[in-house]
Amino acid sequence: MTIKEMTVKEVAKKVLNKENLFILDVRTEDAFQDWKIESDSFDYMNVPYFDLLDGVEEIIDDLPKDKDVLVVCAKGGSSQMVGEMLEEEGLPNIYSLEGGMKAWSEHLEPVKVSDLKDGGELYQFVRIGKGCLSYMVVSNGEAAVIDATRMTDIYIDFAKQLGVEIKHIFDTHLHADHISGGRALAEQTGGTYWLPPKDAADVTFDYAKLEDGEHVTIGSTQIDINALYSPGHTIGSTSFVVDDQYLMTGDILFIDSIGRPDLAGKAEDWVMDLRETLYTRYQELSDDLIVLPAHFMIMDELNEDGTVAEKLGVLFEKNHGLNIDDQDEFRKMVTENLPPQPNAYQEIRETNMGKINPEDEKQREMEIGPNRCAVR
Amino acid sequence: MDIKTDFSLDAKGLACPMPIVRTKKTMKDIEAGQVLEVLATDQGSKADLAAWAKSAGHQFLGTIEEGDVLKHYVRKSSDEDSQEKKHPNVVSNDDLKEALNHEDTLVLDVRESAEYAFEHIPGATSIPLGELDERAGEVDENKQVYVVCRTGNRSDMAAQKLTEKGFKTVYNVVPGMSEWSFDTTSNQ
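In the order they appear, the protein sequences are chains A and B.
Residues in the first sequence are numbered consecutively from 76, following my numbering.
Residues in the second sequence are numbered consecutively from 42, following my numbering.
Rather than coming from a laboratory, the hints here were simulated on the basis of the structure.
Owing to the predicted nature of the structure, the values given are computational and were not obtained by experimental measurement.
One thing to keep in mind: the hints can contain errors.
[Claimed, not checked] To be clear about the criterion: a stretch of chain A counts as covered by chain B if any three or more of its residues have a C-beta under 8 Å from a C-beta of chain B, and this derived list gives those stretches:
| # | segment |
| --- | --- |
| 1 | 103-114 |
| 2 | 122-135 |
| 3 | 142-150 |
[Claimed, not checked] Calculated Cβ distances over 12 Å to all of chain B for the following chain A residues:
| # | residue |
| --- | --- |
| 4 | E286 |
| 5 | R356 |
| 6 | G388 |
| 7 | N412 |
| 8 | G429 |
| 9 | E440 |
| 10 | R447 |
Cβ atoms here follow ideal geometry from the backbone N, Cα and C, with glycine treated the same way.
The task is simple: from the sequences and hints, build the whole structure.
Now the structure itself:
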């Protein structure tokens, strides 16, 4: 008997549409506590698969019979086994998540943010399982990718579909929570890889220096990418203003939180840089700019249409991290009681510097888990 | 490091859940207290095996990575904790910690070599209980011998054996490594 499978794309749609689903997660308790498929409209149950090897009778009464049950594991093998056992017991509507949490972590959902002036387009790639956001700016046959994930095929295929050529690849900073696809994408497309030089002191490869005030034009129609030095999460963190309308904040400012300054081991040193960026540099920008961050932390940060975007003026009112008048209180918030650091963040940084080159399988393992780049 | 085990299971190339399914099956065929080595390439097997062992009551000893291969070590559960101890000279972990300062102290660790390999008291001599009869000659009779295992049971039997063989001063350290809070080292 082969069990019905549900793809990560189908699950992503259910999350975005706030549909109900019952998740039976058969990974270890630690893995489940650390990171799971998040949705307010889902119900959850966690029983490790190895406790079910002798039979599933014990959990049958706890599973709903009138709706879909999705069995989830790390890679899709154990969920198939458990799913088949449940079907043999006569349970209807049992599905196994194809590819497991690994596939969930790697799935990118492209969402169109808006048209740009002069016919360009802006897309946001929502990595829903990990909360990473990357972008493609398209104009007149050319494209730029910002904060690319290591799943570079997705951008290349997407550009092919649109009939555009990827010319520029940017990283807003040296990432610590996920492996950048920037360098690989540049190699595969012949595009230019831009990185803030202050974050790139130890990198082992060539790159174009992304510095304050740099302008890069995509296509011939003047879609401007205007770099704005905005340190704090890292010392080199750089924001972009795209087409005079969109502010790409990287890991400095999120919708409901702000960047943490400690992932390169310099929390104390960088606190005031972070404050300067958020409370002075950003204040000088137009309230009408639409903030597009490199992460989201909770599903509430997603808009109805699946995008993660909000006006800067709204964030100045509503984002707690932008409303702490007292400097000491701010310092305390971003240096004390921080959430745990991301899984393998030091190895991830070294990979992004080109110092180590782990195998694909190892890279997947390094990225397992939620992103934890923010403080709330 | 080279670890001697009673059994080895080759689960290389198998994807989850097979490494655990095979391990569970193999554990049924080995005796309580014996150590199984599991060779696997599935990166997820490390966390899963540790969690499974805990849930099933077995003792997960540790994992060594050799290139792409993960070598896991699990010791089958035994009821040793509940057994009555017979050797009269019993000392505590704290007593042993104090005795480590004396030159004539000899720490004899009688756990399986895999248990010893992952964590032991610096300077301890390893002779698993099962090998003690033939290797007792390696132990210096003129020293104060402190026998240690995980919970004090195997060391109790080892202390009795040594006494029978004519050793004068033999102490059983109770509880032993399961609650040892002082310095340790590993073979790695």
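Is it correct that the beta-carbon of G388(A) has no partner in chain B closer than or equal to 12 Å? Check passes; 45 Å lies beyond 12 Å.
Compute the least Cβ-Cβ separation between G429(A) and chain B, then decide whether it is above 12 Å. Non-interface label on G429(A) holds, nearest chain B Cβ at 22 Å vs cutoff 12 Å.
So is E286(A) really clear of chain B, every C-beta pair being over 12 Å apart? holds, 39 Å
Whether N412(A) stays farther than 12 Å from all C-beta atoms of chain B, as the label says: Given that every Cβ of chain B is farther than 12 Å from that of N412(A), nearest at about 27 Å, it holds.
If we take the beta carbon of R447(A), is the closest beta carbon in chain B still more than 12 Å away? holds, 19 Å
When I compare C-beta atoms, does the segment 122-135 of chain A have three or more residues closer than 8 Å to chain B? Check passed, 5 qualifying residues.
Would you say the segment 103-114 of chain A counts as covered by chain B, given the rule of at least 3 residues with C-beta under 8 Å? holds (count 4)
For the segment 142-150 of chain A, count the residues whose Cβ lies under 8 Å from any Cβ of chain B; is that count three or more? Since three or more residues must qualify, the claim that chain B covers the segment 142-150 of chain A holds, with 3 doing so at under 8 Å.
E440(A) remote from chain B - nearest C-beta pair above 12 Å: violated, 5 Å
Interface-negative label, R356(A) against chain B, beta-carbon threshold 12 Å: With a cut-off of 12 Å, R356(A) remains clear of chain B, as the shortest Cβ separation is near 42 Å.
Figure legend: structure checked against the earlier numbered hints; the only hint not met is number 9.
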